[in-house]
Amino acid sequence: DSQLLQRFALAVLWHSTNQRNSWADVTQGWMEPTTECLWKSPNEDYDYIECSGDVLTKLSLTEGGLGGNLPAEIALLTAMVHLDLSQNDLTGTLPSQIGFCTSLETLDLL
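As numbered in this note's numbering, residues 19 to 128 make up the sequence shown, in order.
Rather than coming from a laboratory, the hints here were simulated on the basis of the structure.
If you're wondering where the values come from, they're calculated on a predicted model, not measured in any experiment.
Be careful, since some hints might not be right.
[What the hints assert, rightly or not] In silico EDC-like cross-links for lysine to aspartate or glutamate, where the CA-CA straight-line distance does not exceed 16 Å: (1) Lys76 - Asp102; (2) Lys76 - Asp65; (3) Lys76 - Asp126.
[Claimed, not checked] Quick list of simulated restraints, FRET-style, between CB atoms: (4) Trp32 - Thr96: 15 to 23 Å; (5) Ser104 - Val30: 16 to 24 Å; (6) Ser114 - Pro51: 27 to 35 Å; (7) Thr52 - Ser114: 30 to 38 Å.
The beta carbon of each residue, even a glycine, is placed where N, CA and C say it ideally should be.
Construct the complete structure from the given sequences, taking the supplied hints into account.
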């Protein structure tokens, strides 16, 4: 089901980019047993996840301490409109599967 795929994509992103373990502090509440649309940033003025219903539409992890490669599973977030992973230490190439995110309007990686 789509909820399971969405959670799987976020879990793979978490594990693939957490090599430095630094974004664990930034994303307290991440990987909680609640729906991912209820995961909240410890900074109450900043929501890194936005949803329409139970469907993720925005993921913003600016200055999140991400490292490593962006996983191909990011493409499972097909309803995502906004993806901001700027000011991180991601390496490698952008996975070609990102093209499956047909709703994506904004992609910020710088």
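Results of checking the hints against the structure:
In summary, the hint linking Lys76 to Asp102 is supported, as the alpha carbons are separated by about 8 Å, within the 16 Å threshold. Note on Lys76 and Asp65: the hinted pairing holds, with a Cα-Cα distance of about 9 Å set against a maximum of 16 Å. For the hint pairing Lys76 with Asp126, the CA-to-CA distance comes to about 12 Å; that is within 16 Å, so the pair holds. Our hint of 15 to 23 Å for Trp32 and Thr96 holds, since their Cβ atoms are close to 19 Å apart.
The beta-carbon spacing between Ser104 and Val30, approximately 20 Å, falls within the hinted interval of 16 to 24 Å. For the pair Ser114 and Pro51, the supplied restraint of 27 to 35 Å holds, since their beta-carbon distance comes to about 33 Å. Take Thr52 and Ser114: their Cβ atoms lie about 32 Å apart, and the range 30 to 38 Å holds.
Comparing the model with each earlier hint shows no violations; every hint is respected.
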